[in-house]
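Chemist: Protein sequences, first through last, are from chains U and R. Heads up: the first sequence is residues 1 to 416, going by the UniProt record's numbering. Heads up: the second sequence is residues 1 to 416, going by the UniProt record's numbering.
Accuracy of the hints is not assured; some may be wrong.
[Stated by the list, open to error] The calculated DMTMM-like cross-link candidates involving lysine to aspartate or glutamate, where the alpha carbons are at most 25 Å apart (straight line), are:
#1 U:Lys182 to R:Glu319
#2 U:Lys299 to R:Glu319
#3 U:Lys311 to R:Asp126
#4 R:Lys89 to R:Asp106
#5 U:Lys89 to U:Glu274
#6 U:Lys360 to R:Glu319
#7 R:Lys89 to R:Glu207
#8 U:Lys50 to R:Asp250
Hints are computed from structural coordinates only; laboratory data are not their basis.
Protein chains: 2
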Amino acid sequence: MNGNTNSNMEKELVQEATTENFAFDPILYAAQYKSELLDNILPFWMEHSKDAVNGGYFTCLDRDGRVYDTDKFIWLQGRQVWCFAYMYKQIEQNPEWLAFAKHGADFLEKFGRDAEGNWYFSMTADGKPLIQPYNIFSDAFATMAFAAMDKADPNPRYKQIALDTFAHIIRRQHNWKGSYNKAYPGTRPLRNFSLPMILSNLSLEMEHILGAERVNSFIPTVIHDVMEVFYQPEHGLILENVNPDGSFSDSFEGRLINPGHAIEAMWFIMDLGERLGDKTLIRKAVNIMLNTLEYGWDKEFGGLYYFLDIKGNPTQQLEWDQKLWWVHVEALVALAKAYMHTGDAACAEWFNRVHAYTWKHFKDPEHGEWFGYLNRRGEAYLPLKGGKWKGCFHIPRALFQVWKTMEKIQQKNNAQ
Amino acid sequence: MNGNTNSNMEKELVQEATTENFAFDPILYAAQYKSELLDNILPFWMEHSKDAVNGGYFTCLDRDGRVYDTDKFIWLQGRQVWCFAYMYKQIEQNPEWLAFAKHGADFLEKFGRDAEGNWYFSMTADGKPLIQPYNIFSDAFATMAFAAMDKADPNPRYKQIALDTFAHIIRRQHNWKGSYNKAYPGTRPLRNFSLPMILSNLSLEMEHILGAERVNSFIPTVIHDVMEVFYQPEHGLILENVNPDGSFSDSFEGRLINPGHAIEAMWFIMDLGERLGDKTLIRKAVNIMLNTLEYGWDKEFGGLYYFLDIKGNPTQQLEWDQKLWWVHVEALVALAKAYMHTGDAACAEWFNRVHAYTWKHFKDPEHGEWFGYLNRRGEAYLPLKGGKWKGCFHIPRALFQVWKTMEKIQQKNNAQ
Numbered sequence: 001m002n003g004n005t006n007s008n009m010e011k012e013l014v015q016e017a018t019t020e021n022f023a024f025d026p027i028l029y030a031a032q033y034k035s036e037l038l039d040n041i042l043p044f045w046m047e048h049s050k051d052a053v054n055g056g057y058f059t060c061l062d063r064d065g066r067v068y069d070t071d072k073f074i075w076l077q078g079r080q081v082w083c084f085a086y087m088y089k090q091i092e093q094n095p096e097w098l099a100f101a102k103h104g105a106d107f108l109e110k111f112g113r114d115a116e117g118n119w120y121f122s123m124t125a126d127g128k129p130l131i132q133p134y135n136i137f138s139d140a141f142a143t144m145a146f147a148a149m150d151k152a153d154p155n156p157r158y159k160q161i162a163l164d165t166f167a168h169i170i171r172r173q174h175n176w177k178g179s180y181n182k183a184y185p186g187t188r189p190l191r192n193f194s195l196p197m198i199l200s201n202l203s204l205e206m207e208h209i210l211g212a213e214r215v216n217s218f219i220p221t222v223i224h225d226v227m228e229v230f231y232q233p234e235h236g237l238i239l240e241n242v243n244p245d246g247s248f249s250d251s252f253e254g255r256l257i258n259p260g261h262a263i264e265a266m267w268f269i270m271d272l273g274e275r276l277g278d279k280t281l282i283r284k285a286v287n288i289m290l291n292t293l294e295y296g297w298d299k300e301f302g303g304l305y306y307f308l309d310i311k312g313n314p315t316q317q318l319e320w321d322q323k324l325w326w327v328h329v330e331a332l333v334a335l336a337k338a339y340m341h342t343g344d345a346a347c348a349e350w351f352n353r354v355h356a357y358t359w360k361h362f363k364d365p366e367h368g369e370w371f372g373y374l375n376r377r378g379e380a381y382l383p384l385k386g387g388k389w390k391g392c393f394h395i396p397r398a399l400f401q402v403w404k405t406m407e408k409i410q411q412k413n414n415a416q
Numbered sequence: 001m002n003g004n005t006n007s008n009m010e011k012e013l014v015q016e017a018t019t020e021n022f023a024f025d026p027i028l029y030a031a032q033y034k035s036e037l038l039d040n041i042l043p044f045w046m047e048h049s050k051d052a053v054n055g056g057y058f059t060c061l062d063r064d065g066r067v068y069d070t071d072k073f074i075w076l077q078g079r080q081v082w083c084f085a086y087m088y089k090q091i092e093q094n095p096e097w098l099a100f101a102k103h104g105a106d107f108l109e110k111f112g113r114d115a116e117g118n119w120y121f122s123m124t125a126d127g128k129p130l131i132q133p134y135n136i137f138s139d140a141f142a143t144m145a146f147a148a149m150d151k152a153d154p155n156p157r158y159k160q161i162a163l164d165t166f167a168h169i170i171r172r173q174h175n176w177k178g179s180y181n182k183a184y185p186g187t188r189p190l191r192n193f194s195l196p197m198i199l200s201n202l203s204l205e206m207e208h209i210l211g212a213e214r215v216n217s218f219i220p221t222v223i224h225d226v227m228e229v230f231y232q233p234e235h236g237l238i239l240e241n242v243n244p245d246g247s248f249s250d251s252f253e254g255r256l257i258n259p260g261h262a263i264e265a266m267w268f269i270m271d272l273g274e275r276l277g278d279k280t281l282i283r284k285a286v287n288i289m290l291n292t293l294e295y296g297w298d299k300e301f302g303g304l305y306y307f308l309d310i311k312g313n314p315t316q317q318l319e320w321d322q323k324l325w326w327v328h329v330e331a332l333v334a335l336a337k338a339y340m341h342t343g344d345a346a347c348a349e350w351f352n353r354v355h356a357y358t359w360k361h362f363k364d365p366e367h368g369e370w371f372g373y374l375n376r377r378g379e380a381y382l383p384l385k386g387g388k389w390k391g392c393f394h395i396p397r398a399l400f401q402v403w404k405t406m407e408k409i410q411q412k413n414n415a416q
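Whole structure, please, built from the sequences with the hints as guidance.
Modeler: Set out below in C-alpha cells:
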C-alpha cells in the first residue's frame, strides 16, 4: 500500500462521511439487507462451518471460509444455534436451517456443560472441555440457543435446558465470576454493564418459556439498571462500570465507554419500550443512542471507536481505535428502530452514514461474508470471517432486524 | 492527518529501512544511549512519578507526565525500584536515586503482599489491595526489586524478602495460576515460555543472594527449557506455548510467536553463555535472535510485530500488528550483545536498522520519554508515557545495556 492509495482512500472516506449521496429509502434498504442475509451470510456459514464429524460448528474461518482452528467456543456455538433456529421460525420453515440449528444444539447438549450444569467457555472439536465455566455469557447464549430451539421445534428437553440455565444465571448474577474473580473483596466493588444489558434482551427471548408475568417482573429492574444506574445524565452516556450506587468511579474501569455496547443496549430497551407501550422510555433510549453515536464517531476516519475513556485519558485497551463489525451492525439496528419509533430525521441521517461506512469497509466483495476487525483507517487487519469472538450472530441478526424494521417503516409511510 | 503527510512519512520509512545512512559507531552510540538515559529517561520518572503522599510511584503518566490514574501495579512498582537501585549500583552512588528506589521499596514492603507472602497484582494509591495475587510475575519483579535494593544498600530485610519471594516462585512454578487457572485439567496442558524466560534473568539478578552454587544448579534447566523445549529447530523460532514434551500444539496458543519475548530471552541466554564461557550457546542464541528478527520484521512499514501465528493464521490478539516499545529496545540490547560476542556484520546491520526505527518513532522529542504503543504505521495511537504495563524499566535498562555494551565493543576494537 503506497501513499497515493491512502490519499485516495481518505478522500473517499471524507466523501462517504457526508450523507448527501444517500437517500433513506426503506424499500431499497429492506431489499438490500434481506438479500445479504439470505444470499450471502447464511449460505456462507452453512457451507463452511459445519463439523460433519463431531457435530457443532467450526467458527474460526479464514477469509475464504477455510477452517484455520477447530476449537469450539460456547458463546459462538450457542449464538449460531440461535441464529438458524430464529431464522427458521421468523423467515421460513426451511428444513435445512432447522437441521443445521439442531446440529449445533445436539453438540451443545451432549458436551457443553459440567456436572453442575454450568457451561464451559470452550471445547476441543470433539467436545472435550478446554476452558472452565468462568464466563456467565456462555450460559446466556446457551439459554438463547435452547429457547430459540424450543420455539422453532418445541421440545421439553430444550425448554428444560433453557429454564435451568436461566435459573443458573439469575442465581449467579451478583457474583458471576465466582472463584475466578480476581478483584480483592471490598476495595472497589464495581458493577458491570454487560449482564443487565444481556438480560434486557434475554428476558424477551425467553418469554414463551418464562411467561409474560415472570418477564414483567424482570423488566423494571433491567430498565432501571440500564437507564438509571449505568446511564450518566450529565454526559448523556452509559458507562461500562459504576460504583454499586451507580456513581462514577474514577478508575480505568469506571472511565470506560464502549459505544457499541451502549448503542446495542438501546435497541434492546426500545424493544422493551415497545412491549410496554412506553414512548418516553423509547425517546430516552433514542437520545442516548444519538449522543453515543456523536461521541463515539471517529471524525477523522469515520466509523465508531471500540473503547473510549470518558475523561479523554489513554485507555488500557490497545484496540481502542479499531472498528469492529458488531459495533456497526448493532448501530444500524438501533438507528432503524429509532427512526421507526420516532421518525426523527437525525436517525435517518445517521443510518445513512453508518450504512455507507459499514457496507464499504466490512463487506468482503471477493469471498463472501464480512470482515470483523478493521484498523482505525477502516482497513481489515485480520482477514478472518470468524474466530474466537466473531461467529454467525451479529451480522445475520442485524440484517434481519434492519430488513424487517425497514418493511415496518414502509408500511407506516404507506399508511400515512 | 492528511494523505500528503502519510505519503511523506512512508517515504521516510522506506528510506530508514535501509542502513546505508548509518555507520555502526560504538563511540557515538555509547554517548547517545548514555545521554538519553541520564538526561531524559531517569529525570522524567524522578520528576513525574513520585507519590509524595502515600509512597510508591504513579506509573500512569500522560504524554507530558501528568498523572491520569493513580492505581499501582506491582509489576511496575517492583521494576522501578529495581531500576533506580540498579543504576545507583552500576552507574554512580547518586543518593537521590537510592532514596527514590527506597521510596518504592518501602511502599512495596508495607502494602504489597497478602498474609501468605504472595504479591498482589495491583493496589490503590494508598496501598489497599485491588487485584489478587494471580500473577507470578508480580512476585518475579518484586524479587528483582529487593535483590537490587540489597545490592545497592545491603539490608537483611531486603535480602529476606527477595529470598522468600524467590522460594514462592519456585514452589508455584509448575502451577502458577493456582485457583485462577481457567484451563480444564488435562485436555491441553501447555507449558508457557514466560516463566523459564524470566528465571533465566532472575537467577543472575539473585546471584549475590543465592550464591553461585545455587545459581549453577538452576542454569542447566533454564537453558534447556528455553533452547530445547520452546525452541523449534525446524523453524528456527521460539514458541510461546508448547506441549509438556516440547512438541507443537496446533492451537491458538501453540501457534503463537511473540518476537519480542524470544529476542529478549536471547540476550538473557547470551548473558548466561558469557557466565559459562559457552561460545556455542551464545552463537545459537545469536542465530535464533537473527531468525526472529527476519521473521518478525514488518517489511512494509518497518518495526517488529507484536504477535504472529507460526502457520500464518489470524491471531486472537487484536494488537498483533502494533509496534511496542519494549520489543524494540530489547532487540537493541540483544543486537548489541550479539555483535559484541560475535562481531557478526549482520548484527551491526540489524542494530542500525532497529536503532533508526526505534529512535525515530518511539522517542518523543517534545515532552521527553518515549511513546510505548505505535500502530502498524509507526504512529503513536496512545500518547501515554506510562500505564498499566509501561513503566520505568525496559527503556532505561536497555539504554544502560546498550551504552555499556558499546563501550565494551569499543574496548575490543581498541585492543585489536
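Chemist: Each hint: holds or not?
Modeler: Here is what the structure says about each hint:
| no. | hint | verdict |
| --- | --- | --- |
| 1 | U:Lys182 to R:Glu319 | holds, 24 Å |
| 2 | U:Lys299 to R:Glu319 | holds, 22 Å |
| 3 | U:Lys311 to R:Asp126 | holds, 22 Å |
| 4 | R:Lys89 to R:Asp106 | holds, 18 Å |
| 5 | U:Lys89 to U:Glu274 | holds, 21 Å |
| 6 | U:Lys360 to R:Glu319 | holds, 23 Å |
| 7 | R:Lys89 to R:Glu207 | holds, 15 Å |
| 8 | U:Lys50 to R:Asp250 | holds, 20 Å |
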